[in-house]
Every structure is written in structure tokens, then in C-alpha cells.
Amino acid sequence: MIATLKENPIVRELVRSRIAQISAAVTAIYVVLALFGPQIAPYDPTQLQTMPRQGPSAEHWFGTDELGRDIFSRMLVSARVAMTVGFVAVAIGFVVGGIMGIVAGFYRGWADSVIMRVTDVLLAFPGILLALAVITFLGPGLVNTMIAIGIGGIPGYARLVRGEVLSLVERDHVTAARGLGAGSVRLVAKHLFPLLFSSLLVYSTAQLARAILAEAGLSYLGLGVQPPDPSWGGMISSGQRFFLTSPFMAIYPGTAIMVLVFALNLLGDALRDALNPALRRSGG
Amino acid sequence: MLVFVGKRILELLPVLFGVLLVTFAVTRFTPGDPAILMAGEDANQALIEATRVRLGLDQPIPTQFGLYVIRAVQGDLGVSYVRSVPVTELIGRALVPTAQLAGIAMIITVVVGIPLGIVSAVRPDSIWDFAARIVSLIGVSIPNFFFGLLLILLFSLALGWLPSYGTGTWRHLILPALTLGTFSVGLVARLTRASMLDVLSQDYVRTARAKGLRGVTVVYKHGLRNAAIAIVTILGLNLGSLLSGSVLTEVVFAYPGLGRLLVDAIFNRDYAIVQGAILVIAVIYVLVNLGVDLLYASVDPRIRVE
Amino acid sequence: MRMSLRTVAASLAAIVLTVGSVALAQSTLTIARPADVNDLNPFRNANNATSEVTYQIHEGLTTFTPDVEIQPALATDWELLDDGVTWRLFLREGVEFHTGNPFNAEVVKWNIERMLNPEDPGVASGLFADVREVTVVDEYTVDVELAEPSGVFLALLGAPLMMMADMEHFEAVGESEYASNPSGTGPFAFESWDPGARVTLVANENYWGDVGPEVDRVVFEVIPESSARVVALRTGEVDMTFAVPADQMDDLVGRDGIQAWRTPTLRTVFIEANTQHHRLTRNVRHALSHAVNRDQISTIIGDNGSPAVGHGPPETLGFYDHSLPYDVEAANALLDEEGWELGNDGFRHKDGERLDLSILARGTTPGEVEALQVVQLQWREIGVNLSIDMVDAAAWVSTMENGAEAWAESREVPDHMLWSSAAGIRTGEVGYLLNRPMCHQTTRNWGLVDCNPDYDEAFLASQAPLPMDEREAAYERMGEILQEWQQRIPLFHVQNNTAAGDHVSGFEVNPQDMLNLRGVSVGQ
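Chains as they are written, first to last, in our numbering: chain A, 25 to 308; chain B, 22 to 327; chain C, 23 to 546.
So here's chain A without its partners, still in its complex pose (with noise of 0.2 Å):
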């Protein structure tokens, strides 16, 4: 298995760009801090600790909040808030645009019609404008951001997908499948995923740190996880109140998104020029 892993040109490509290295190990040490930072975390985020607004100390690591809360432990937890949120938006608009695009792009005709005016709509909305109408009636919370931001990501994956099927079902051995009368979905699962697979997952990269922004862009703006429970763009907005004095408070969130969204950002640039040689090239 590892043997013909190494052998695969794209991995090969992939270990060998500095690039991909630096940006893979930083999101991992991020998913760790997301699977295990409220284990890791030295107290409880949400309770009062200690005097508010104290500078970094041997007992808090990153000081303490407006309220005497350990920014270090909440920090952690807004790891796993984040990557939790980003995830599931991802997947949320990967399957329901993913569904959408091979149903289009497959059976064409009139439910493609439809499918892409419905991707029209909802790209009518430009960026976090749709994951704010949908917050307007579904109100703020955790789940409901998962939503909002998912649905936001629908019509991307469903134009791409959609676009990807057309293509490949023209191609010789989808055709030839076709003509050996194999059913609908076993034609999809068998042939067009797995080609399917690279652009999707460079495009979910760069979604995942979409994602992400717009989490901590809704919790900042107070309409996405709710206080007391602890977000990045929460703990920004929080920050903010106190910048003149306290300008850490801010800070240390405000870095860690962007540290994680420039990873991730860059790991899909090193996936896409690894799957895609020939843009490469074309530039030497």
C-alpha cells in the first residue's frame, strides 16, 4: 500500500514541494488541536478563572478575557468550533451541489434547466449575504451556522460537478459503460468519482478555508456561536472592546484564523498544481 502510494506521481509530487509539507503539517496540528484541544485545555473555557484582563502568566498561557477566563483554553475549543463548523459546511454543500450536479449534468433536459436557475438564485447572493438571510430566519447558534454556511456552499460544488460530469461523460469509457446498459448509479459511483475526485478535493480545500472565514466572520459579527461558549471570531468581537488596553485579546484569535486559512489556502494550491502538471509546466 505505502509502496504504491510513493509511487503515485501526484503524491510524489506533493512530498516534494516544500509548499505542500509546511501547509499539510500545519492544518494537521490544527485538526489535532480540534480532535483533542478540550482535553489538552488547562481549564474550563467558560468559567470565570481569575481577576479579567491579565496579561500572558505561567497560570494562563495567553492571559485572560474581559471576564477572568483562560484565553489559552478557549482558543483550544474554538479550534474544534471552527473545524467542526468548516467540515460540515463543506460537506453540507458537497453532497447536496455534488447530488445536484450529477442529476444535471446526467440527465440534462429539464432538470437542469431547473438545477441551474436554483444555482443562479442562490449565486445572486454574493458570499456571507446568503449565510446571513438564512441566519435572519433560522437565528444564531451553532447548528444553524453550519447550515447557513453550507447552503452557501451548494451551488459551487453543483457547477462544478455538473460541469466535470458533462465532460466526462462524453469520454470513451463512460459512453462504452452506457452501451454495456449499466445502471445510473453504479455508472456514477464507478466512473465519474474517481475522476471526479481531484478537482473536488482541490476545490474542498479551498472551500474549507471559505468556510471557516465565514464562521468566524458571523460569530464576530455576534450571529454565529453564541456566548458563552468560545469562537475565534467571538473572542475578535470581544477583543475589540478592549483593544486599546488589551489589544491580546484580540490578537492571538485573529492570528491562529489566519495562520489556519493561509494553510489551507496554500495546501490547495500545492494539491492543484500536484494534480494538474500540465498548468505547471506551462508556466516554465
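Simulated from the structure, these hints should not be mistaken for laboratory data.
Owing to the predicted nature of the structure, the values given are computational and were not obtained by experimental measurement.
A virtual CB, placed ideally from N, CA and C, is assigned to each residue, including glycine.
Label pairs and their calculated CB-CB ranges:
| hint | chain 1 | residue 1 | chain 2 | residue 2 | range |
| --- | --- | --- | --- | --- | --- |
| 1 | C | Ala355 | A | Pro80 | 37 to 43 Å |
| 2 | C | Val350 | B | Val156 | 50 to 56 Å |
| 3 | A | Pro80 | C | Tyr348 | 28 to 34 Å |
Got chain A; can you put chains B and C on it based on the hints?
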């Protein structure tokens, strides 16, 4: 060309219909009775009933939607629940500062983002490419509200050069426009790089290079002109990130634009404003992209045939 | 062609005027505040952010010194007639409104009747006893006959509630127009209002008082974000800022070119409850109150205020500690008794409903948000899930007003549960903050408290012109009833932190929240 324009506008209608449907749902299916909210502070039962009838809330839902569409088309977006002012008036007032902000951010994007992308594409894998890519990657990775705070920390708190809130003079626009522009700069630089690389790898450019034309000439004469079409599209799409980014930017800088109006309205449960602001932003975005499409088509006749 | 000529002439005139006014070096006092006015109609709005502005434009019949001594204002003298319920007010002569309309007895009668009209009660009606009749005796004398004796009538006339609006202007332009174009007799006249951004006033050149406007213009700039207010002061963007949070006050005090005032006020931040809400029964309200730990709040908010247990600080007339002691066990027992059982999620449930509560907050008082967040955590300890909903002042008021209205009209119980309020005493006694009698249904109370004849009797006695010990005894009886109600949970008394550049002189902070800009000047 006329046929193409007509066809494009017809295609727009279902999208606008969908946008209206979504915004209608925002107010109609949220908790609370709009009639009570809209009748205002001193309403009695009779006034609430009268408001219900006046707003058509006693009608079945499809009729209500019809009324909403008819009114919206006529420019009537209802009255703010909280302030008893027409929503169009509030939006009109907020639109000007947002347009100024987005305009300056767009200029920053064009002046910084496109050259950054070109520099990257012309010498791929060079140190310049690397630096430009890092800069643009930071641009798309830093949450703009956090970047805004850092700018405030530096330019308002530490140096005292620029105001950190509100409107009034051109100096008030600098920090918010930089904040808003940063993401777009990164985005446009990345997309410009990609489309330039694409064009430069085309056969005719290679031929031109092979024929001994100097690099700079090739880039400008062939590469940029052909990439221009893609870049115009990118800028049209980029308006979306500016409109969406303005929500957070305006909140950070307490800037009285459309984004802050929208966020405040969500908190105040002033659904008439929420509905109106989302509708207006979506329509602006859709129309600008229509404009970009038409421009695109007038530049490149092949599009029309398709 | 003629039109365009006229346009050109008009623009030229405008340019000349602009240049001219620049040449005259106008002085402007710019003040940063956390919130905007709701609107400028003194009959409808009197929250602090609004009356700070409307009270510069309008004036009352009386006023106070900072030590709550009643002083003449638009009334120069007064006497209580022999019937014990009629006040005769002698008015200042020769005063004009900003529009040039005269101020006289007719205007006073109209203002009082408009404010206390039972059909459409104004914002001060909750404080005043019913007025039986207002009679114009002559042009500058007016008699006000009350339905019951009152010991606080003159004081109430001085609070920034019962202000004299320009009757003729009001009737000419109508109520909704007046709200954005008011006219009064005050030291500053209205110039413009840019909602959410600023209100601009100009000096009233014809002001009647000896001490009047000393600056040409006052701009009330809205800067919701507290550090932005302080930065604006430090960069010279504004001359003065209100509501400086304690942490930033430490940074400002002792800075060159900055003067700062820390003033304990008679303003109290409360958590208030909609007593008719099905989740907020008597036992639940008592449990919530028992679960508030004021020492912890005090540690967190620091210099923003001091712990509060009643309406106003202990030295206020009528003070009664109506808080409940911090006692988590008692709180849990009350919730158990009420049938709210602790679930596996750490929150209490009953009949498939979780004990979710929400509180509407404006968050404009420094320390308020932190205090509420601490309460949120303290209530978690007893299994209550509190969410804090931040809204702006206008939405906050309209929610409460609509709710009280619906309940008064049809006993329809509004959805909102809790809200935080910051209310100041402006007459030196706690009666200012208490609900008027409710049994004969003249007023609408936001807490939707049911009528209680004992309360009404005690209230009337406390406000009557009786010997002080009898009034204090009445206040005590009321305090006991308030303790049983637990409609208001006092959190802290606000410390007013204000800062200004050294070039501002003549400014004095008033603990009653009565901003007085007469005589305030800006030097170079």
C-alpha cells in the same frame, strides 16, 4: 447583438424571481407578527388589524408574495418596523457611503491586484512570483475584520494619523477601503495570474515568442489583451466579494453603510430592512454581472454565437 | 435660462456664506457618545441618549443644581394654593422659542395636557399624578390642579422629561415632522440630525439666561465602539467623550492635554423581567435573583460601577434593599419546586421545554455587557440557559412599548422575557424610578406587573406632601412588595466616566444625568 442582449435579460428574470422569493421568505417565515411590529409603538388592536389589511397580511401567502413583488418593482420596500421610515429611504441613505467605500476598494484592487497577478505570471516560480503569491494569499486568508482592527491599532492608536470610525472626510475612507480592498487584491491577483498563465501558454503566444518578439511586447500585446476579457469578468465577480466584505468592514469601522444597516436590522428584528437590504445588494450584484456579460460579448463576438 | 441663473446665484451665495463662516472661525464642541437619539420628540422619548440632546434644545419649568436643589427655569416662582392640590406657576416673561414663537401660559397648559393626556400618554405620564385641570390665569401665570397631593411635583417639572416644546411649531408641522425638527427655548437650537451618525445644534443667540451658549455649535457624534471614542478624543477628532469604560479611563487619566471625571451617579443597571411570561413565574424570578453573585460582577466590571441592591444607592431617599441574598441552593430549590428538572445537558426542563431565557440589551453603559455575561454564567450554574440579544435603543424601546401596549389593551402577553435597563434618578428620591399606581390603569408598566392595592396606597403616601418619616415608612412598605415581585434585579450603580481635552472649560458632570452645556467653552 440585440438578440443576445434580449436573451440575457430574459434569462435574468427567473433569477430575479428567485431572489424575490428568498427575500420574501426572510420576512414572512420569521417569528413574530409583522402587523404588530409595523403598527408601531402606540398601536391598539384596531390599528393592528388595519395595518394587517393594509399590508395584505390577511391574504393567502401567494397573494402576499404577488403584492410584495408588485410593490418591490415599484420601488416600495415597506416601512422600517423600528423607525417608521420607508426602507428605500434608509437604504438610499446607506447606499452612498457603501458605494464610495466599494468604489475606492475597487480602485485599489485594480491598481494593486492586477499588476501583482501579471508580475507573478510573467516570471513564474521566480522570487517575484513567490513574493506576489504570498502577498495575495495573505490577502485572501486574513479575516478582513481582523485586518481592519490591525490597521486601527497601527494607524489610529499607535500613530494617530487616521480616524478609526464613522464618515465625514476622505480620511475616514482610507482604513475601511484598505480593509475591504485587501481580500479583493488577493483574489484578483490570484485569478489574474491564472488567466495570464493560461493565455501565455497558448500556441500563438509561443509562436510570437519563438519568432523572437521581446518578452515585454509579447506580454502586453498578446497576453494582456487576451487576458483582459477574463480580468473584466473577475472584476465583475469581485464586486460580490466587495459587497459581502463591506458587511464586516462597516461593522468594524462603525461605518454607516448598507452592510451595517443590514446587520443592525438583523439584531433589531427589523425584517423590513433585512429584506430590502438583501434584495438591493443581490439585484446590484446580478445587474453588474449582466453588464459584465454584455461587455464581454461586445468584446468577443464568439460568445454571442454560443 | 432664468432658472439656471437663479441656481448659479444661489450657489454663489452659498459659497460666499461658507467662506464667510469659515472666516469667522466658528467654535464647535464635538461630543462622542455611544448611542444616538431615538428621535427628538420630547413627548415620546426621554432615555438618556435622547434627553442629553433634547434637553439642550428644550427646557423645563424648573431645574436642579447638582445637589438636587430645585431652581427656577422657565417658571420663576411657584406656590401651592390652599386646596393642597393646585400649584400656581409664575412664568418667565419675554422668552421666545427658536422659531420666534412666544413662550406663555397657553404653551405650558398645552404641553402639560399633551404629555399627560390619558388617551395618548407621553413619556413622563408614568411619573406624574393625574392632572385634573390646567388653567391659564393670565399670560404668564398658570394653575395646575392635581388629582392628589404630591410632594414631588416641582422636582418632576425639572427633570429632562417635562420639557416645554414649541406649541405653535409643533401644531404647524405635526408630530412626526417635529421629531426631526424640534424647537425649544434652550441654549442651543436644532440644526440637523443624521440618524445613527450625529446631531448638530447651533447656539441660540437670543437665550434668556445669564449663562448661555459659549460655543457656536455642538455636535453629538455617535461612536458605539468605546475604544473608538477614546481614540477620537486622543486624536482631537472630538473634544469630549461620554461613557469611557474603566479600563480605558486608567489609560486616559494623567495623559497630557486630557482631563477626566469619574462621577458616581444615581443611575442603576437592572435586569428586568416580563412578569407575565409563562416561564418567569414568581418562583423562577426569585431563583434567578438568588443566583446573582454581585461580588463577582463587581470584580469583573471594576471601576465601571459599584454593586447595587436597590433603586439608587443607600443614601437616596426611599432606598430599600429589595435584592435577594446570593444563595444557589435556595435558587435550585425554587426551580425544583416549580417543576423545572435538571436534565443531562446541564439545563433544566419542564414539559419538554428547556429553561431558555433571553435578555434584550443595548450594551451602551460601560460594564453592562460584562455584567450580563457574568450573570449568564451564574445562571448556568442553576441550569438556566440565558442568551443575550443586543439591539439598538430604538428597537429596545419599541419592543417594550409595544409589549406594554398590547398587554394594557387586551391582556396579550408579549414574547420578550428579560431586558437590561439603566435608569437614573433625577429628583433625588427613588420614587422617580418606581411604577405609578396600577389599579386604576392609567399607566402602562413594562414589567406587566399586576395591580396591587397595597402598593398603590404606599406609592401615593410616598409621593404625598407628608412628614418625611411617614414618606420613608411608605417607601419601606413599597420596598417589601418590590422584593416579593422581583421584577427588577439591580446589578450595579453606574460610575460616569467622562473625558475631555484640556481646551474644554466650564464643564461640570451632573450625577443626575442632566447634561448642562451652558457656559461650556472650547479654547485653543
